[in-house]
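Asks: The primary structure of each chain is shown beneath.
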Amino acid sequence: MSATSSVQTATAHAAPLESVSAESAPIEAVAATSSAVPRRSAVVALAAAGSALVAILTPVVSGATVFLDPVFRKQSAFRGAKEGFLPAIPVADLPSDGSPRLVTLIADRVDAWNVFVHQAIGKVYLRQIEGQVIAFNNICPHLGCKVTYRHDGNDFLCPCHGAVFGADGACTNEIAPRGMDVLETRVDENGLVWVKYQNFRRGTAEKVAV
Amino acid sequence: MWRQLTSWVEERTGASAFFHRWLELPIPGGPRWRHTFTTAIAFTFACQCITGFFLWAVYSPSVQTAWESVFFIEHKMIGGWLLRGLHHFAAHAMMILLGLTLLQIVIYRAYRSPREVNHLLGVLLILPIIMVLSQTGYLLPWDQRGFYGTQVATTIAGSAPVVGPEVQLVAQGGGEYGHHTLTRLFALHAGLLPALLAVLMIIYACWARRNPRVAETPEEEAATAPYWPGQAARDAIVCLAVMTTIVLLATFMGVETTAPADPSEEFPAARPEWYFLFLFRFLKFHIVEQFGLAFGAIHVPGMIITIIALMPWIGRWKLGHAFNVAFVLGVFGGIGYLTALAMYEDAKNPIHQASLKQAHADAERVKELALAKGIPVEGALSLLKNDPLAQGPRLFTANCLGCHAHSAIPVVEHQIPTYSAPDLSEFGSRDWMKRALVDFSELFAPTANLKDESGEPVRSLLEGEMAGWSSENRDALLEPENAKHLAALVEFMVAQSGRSDLAPFDEELVKLGRQIFENGELAMGALSSNCIDCHSMHAVDEAMPLSENEGTGAPTLTGYGGVKWLTGMIASPEAPSYYADGNCMPSFYSQLSAEQISLIARWMAGDYWREAAEQSDSQTATH
Numbered sequence: 000m001s002a003t004s005s006v007q008t009a010t011a012h013a014a015p016l017e018s019v020s021a022e023s024a025p026i027e028a029v030a031a032t033s034s035a036v037p038r039r040s041a042v043v044a045l046a047a048a049g050s051a052l053v054a055i056l057t058p059v060v061s062g063a064t065v066f067l068d069p070v071f072r073k074q075s076a077f078r079g080a081k082e083g084f085l086p087a088i089p090v091a092d093l094p095s096d097g098s099p100r101l102v103t104l105i106a107d108r109v110d111a112w113n114v115f116v117h118q119a120i121g122k123v124y125l126r127q128i129e130g131q132v133i134a135f136n137n138i139c140p141h142l143g144c145k146v147t148y149r150h151d152g153n154d155f156l157c158p159c160h161g162a163v164f165g166a167d168g169a170c171t172n173e174i175a176p177r178g179m180d181v182l183e184t185r186v187d188e189n190g191l192v193w194v195k196y197q198n199f200r201r202g203t204a205e206k207v208a209v
Numbered sequence: 000m001w002r003q004l005t006s007w008v009e010e011r012t013g014a015s016a017f018f019h020r021w022l023e024l025p026i027p028g029g030p031r032w033r034h035t036f037t038t039a040i041a042f043t044f045a046c047q048c049i050t051g052f053f054l055w056a057v058y059s060p061s062v063q064t065a066w067e068s069v070f071f072i073e074h075k076m077i078g079g080w081l082l083r084g085l086h087h088f089a090a091h092a093m094m095i096l097l098g099l100t101l102l103q104i105v106i107y108r109a110y111r112s113p114r115e116v117n118h119l120l121g122v123l124l125i126l127p128i129i130m131v132l133s134q135t136g137y138l139l140p141w142d143q144r145g146f147y148g149t150q151v152a153t154t155i156a157g158s159a160p161v162v163g164p165e166v167q168l169v170a171q172g173g174g175e176y177g178h179h180t181l182t183r184l185f186a187l188h189a190g191l192l193p194a195l196l197a198v199l200m201i202i203y204a205c206w207a208r209r210n211p212r213v214a215e216t217p218e219e220e221a222a223t224a225p226y227w228p229g230q231a232a233r234d235a236i237v238c239l240a241v242m243t244t245i246v247l248l249a250t251f252m253g254v255e256t257t258a259p260a261d262p263s264e265e266f267p268a269a270r271p272e273w274y275f276l277f278l279f280r281f282l283k284f285h286i287v288e289q290f291g292l293a294f295g296a297i298h299v300p301g302m303i304i305t306i307i308a309l310m311p312w313i314g315r316w317k318l319g320h321a322f323n324v325a326f327v328l329g330v331f332g333g334i335g336y337l338t339a340l341a342m343y344e345d346a347k348n349p350i351h352q353a354s355l356k357q358a359h360a361d362a363e364r365v366k367e368l369a370l371a372k373g374i375p376v377e378g379a380l381s382l383l384k385n386d387p388l389a390q391g392p393r394l395f396t397a398n399c400l401g402c403h404a405h406s407a408i409p410v411v412e413h414q415i416p417t418y419s420a421p422d423l424s425e426f427g428s429r430d431w432m433k434r435a436l437v438d439f440s441e442l443f444a445p446t447a448n449l450k451d452e453s454g455e456p457v458r459s460l461l462e463g464e465m466a467g468w469s470s471e472n473r474d475a476l477l478e479p480e481n482a483k484h485l486a487a488l489v490e491f492m493v494a495q496s497g498r499s500d501l502a503p504f505d506e507e508l509v510k511l512g513r514q515i516f517e518n519g520e521l522a523m524g525a526l527s528s529n530c531i532d533c534h535s536m537h538a539v540d541e542a543m544p545l546s547e548n549e550g551t552g553a554p555t556l557t558g559y560g561g562v563k564w565l566t567g568m569i570a571s572p573e574a575p576s577y578y579a580d581g582n583c584m585p586s587f588y589s590q591l592s593a594e595q596i597s598l599i600a601r602w603m604a605g606d607y608w609r610e611a612a613e614q615s616d617s618q619t620a621t622h
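Chains A and B are the protein sequences, given in the same order.
Reading the first sequence from the start, the letters are residues 0 to 209 in numbering that gives the first Met the number 0.
Reading the second sequence from the start, the letters are residues 0 to 622 in numbering that gives the first Met the number 0.
For reference, chain A alone in the conformation it holds in the complex:
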């Protein structure tokens, strides 16, 4: 191998490259000319390639880490939740017939370094049925439009692509891949409803928090 290499290099000097194959052979070939001992050349070549690689990969890796920060560091989009729950309204303010009421949840919105105090974080439909409170996120699980409640049909309609959900949140046509997203609720000793506000991945049959 090394013998052919040095022969190749000898020609390479006169007519560079034509006779040299494209893989690692030419590098070794050139290496062989710089020193009488091919093994030493290989070490030097390795040092050159290794150092160059490590040196240039350092900024690349460092930059990529910061670039991928959103994947590895989860930052809550809002502040002021109590164990993840945000206060909504007193349970007594919900219609007694079990029809849904649209409630805006308020908290401090967090956007990277900024905190926006007292902002609308999201909206939920709250239903009260025999003291139990059910909460639906008003974002359509299909593609993220806002779902509206229709009194006439006692159902929810998404205006964008016509997904319809029953009063229980289940799909009544085939447009959305899953029913409306139910959120956890609690009623505290003062009768205030708290909602664990979350958003979920859209367009999938399973409900995955984002």
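Hints were generated in silico from the structure; no laboratory data involved.
All the given hints hold, so there is nothing to weed out.
Pulled a few chain B residues facing chain A out of the computed Cβ check, cut under 10 Å:
# : residue
1 : T50
2 : Q63
3 : F70
4 : F71
5 : I236
6 : I245
7 : G373
It should be emphasised that the depicted structure is a prediction, and the values quoted were computed from it without experimental measurement.
Heads up, the beta-carbon is just placed ideally off N, CA and C, and yes, glycines get one too.
Given chain A's structure and the hints, the job is docking chain B onto it.
Replies: Frame of chain A; chain B shown alone:
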């Protein structure tokens, strides 16, 4: 298959041939360490492009977001501190490498024919572009240091002949620094200048290859070796060494960010980065100042650059080479001397050191607040501007220190004013209350220095009723049997302030103290007169006031020592509810804004964010 593919690509691009021609370039004299500098500069530039791109992805150039996004990168994003550190220190490395390269070129006459054009390219274009790059980068974090440091640079640009003022206006995006200064300098820093530099560096490398160095001696000829792997290994090892140094500096030294830029807050410690410190110091020489800014900052450096640019031609003369070497060494020596001089003078200058200390304190405080509270949309500067701990001492120094001492405010020894009012270090504390009761005259002793308009001493406090009461009741209050009762009276008074820094209050003592305040009965004996006889008092959480005595000259003690009481006292001490006719303090109602008075009061009453206080607050909030 692979071979087919590579040869297919090779036939169409010649990439491999080009690459190998590059690697096989014969180098006369063989590999040398001193030939690695230019590669190291190209490498640090590549590093800047890479780290710069990623920083670009997370940086936001505007007055309310520049410092804030840098803060977020540094303190919140994973590995953000390292990325910023690499970009910062690679810029410094580039400066050092540029200096070394220039020395190498001049000493070894690398500029000789036919390489003159390369020399001109390096000295007249590449060097200045790198300098402007580092100068524009200095401003981007929009902190006090960069803000004031860069102003010097744009002022210098403004002093240039003919179009200077226009250049300054265009660079700043207007008469003053603002949003468009950041957007413009950022466009230069991340767009035009690096693109230009990349093109110039490629041209430089191509011309260097076109006009390679030729062997001068037979020995050199004999030692000629191709670039790969000998010189390549040296280049790569130097690049790795540079990168290692940068990583170590970023890890162990870190990048300092001062407080957010504040045009209304002077910053006497403003300095350029160390590699421009020589110019800063040079401009301070009286003899240089005399000739105007343009002379020192533009003409002299311009002349030096011109001489360096002309070195290929100067070097043709008999003594030319010796002159060139002496000149560069002289310039570098001068730069070294001026840099050291500037650093030495700053280290010895108490004003500079005090300013630095203040800047560090502000930087720490704003970071603490930003981490704890998040940054409002007006920007991080508002955190500092609305913080009693940051602003209180400043306002106190400007408005109160002429009469009142305060231990939190350092005073240069020979500048101590003649205090004419009590030391307020402990104002409102238990100790203060106790002293007001048993040592009133001592607490208010500095008021002996008060003089009225005709120069007569004003002794309304020291000869007033409270001073008399204090000396009459001192012995009774200090009786060991009455210790609990004195403590109770003090506790009751302190509890009125509602100050979180003095809490918790002993409820039992407060109750007892309230009784003493009303009826004056101690464990042994009684007070000569009761507090309610002179002072107004509406105790905390009570429906009805205990006593109403406004306008008597005895201050209302409702909420004494608390933010509200202090605010009123600073605004209108002559009001009936404070000292009325007996007042000796100027009223600040018309001199300071309501916000400023509130900041002083809140600082003195300890009403500002503290780590421990915040924890207890959040606990009470959740329950």
